[in-house]
Amino acid sequence: RSIVEQAQRNVRVIARKAEQRLQEATSRKEQNDVSFQTNTFSSSTNNR
46 RSIVEQAQRN VRVIARKAEQ RLQEATSRKE QNDVSFQTNT FSSSTNNR
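Numbering (this note's numbering), first residue to last: 46 to 93.
Keep in mind the hints are simulated off the structure, nothing from the lab.
One thing to keep in mind: the hints can contain errors.
[Claimed, not checked] Derived DEER-like restraints, expressed as beta-carbon distance ranges:
{"hint": "1", "residue 1": "Arg46", "residue 2": "Gln68", "range": "26 to 34 angstroms"}
{"hint": "2", "residue 1": "Gln76", "residue 2": "Ile48", "range": "39 to 47 angstroms"}
{"hint": "3", "residue 1": "Thr71", "residue 2": "Glu50", "range": "26 to 34 angstroms"}
{"hint": "4", "residue 1": "Ala70", "residue 2": "Glu50", "range": "24 to 32 angstroms"}
{"hint": "5", "residue 1": "Arg46", "residue 2": "Arg66", "range": "20 to 28 angstroms"}
{"hint": "6", "residue 1": "Ser47", "residue 2": "Gln76", "range": "40 to 48 angstroms"}
{"hint": "7", "residue 1": "Ala70", "residue 2": "Val49", "range": "40 to 48 angstroms"}
{"hint": "8", "residue 1": "Gln53", "residue 2": "Arg73", "range": "35 to 43 angstroms"}
{"hint": "9", "residue 1": "Leu67", "residue 2": "Ser47", "range": "27 to 35 angstroms"}
Nothing here was measured: the structure is a model prediction, and the numbers come from that model.
Even for Gly, the Cβ is constructed at its ideal location relative to N, Cα and C.
Start from the sequences, fold in the hints, and give me the full structure.
Right, here's the structure in full:
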């Protein structure tokens, strides 16, 4: 395996990990923004 192949593989792995971390952070932020409204709405509908 050449150094170039190894470097390309490393870049792909790092990019994939960074993308996963970004998606997790984004989904977590969206959940935090929406969670209060969702919890308030769902509890009021459940009580009916």
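The hints, checked one at a time:
1. Arg46 / Gln68: 26 to 34 angstroms: Between Arg46 and Gln68, where Cβ atoms are some 30 angstroms apart, the hint holds.
2. Gln76 / Ile48: 39 to 47 angstroms: Once the Cβ atoms are compared, 42 angstroms apart, the range 39 to 47 angstroms for Ile48 and Gln76 holds.
3. Thr71 / Glu50: 26 to 34 angstroms: 32 angstroms, holds
4. Ala70 / Glu50: 24 to 32 angstroms: 31 angstroms, holds
5. Arg46 / Arg66: 20 to 28 angstroms: 27 angstroms, holds
6. Ser47 / Gln76: 40 to 48 angstroms: 43 angstroms, holds
7. Ala70 / Val49: 40 to 48 angstroms: 31 angstroms, violated
8. Gln53 / Arg73: 35 to 43 angstroms: The hint (35 to 43 angstroms, Cβ to Cβ) is violated, given that Gln53 and Arg73 are roughly 31 angstroms apart.
9. Leu67 / Ser47: 27 to 35 angstroms: 30 angstroms, holds
Violated hints, listed in ascending order, are 7 and 8; each of the other numbered hints is respected by the structure.
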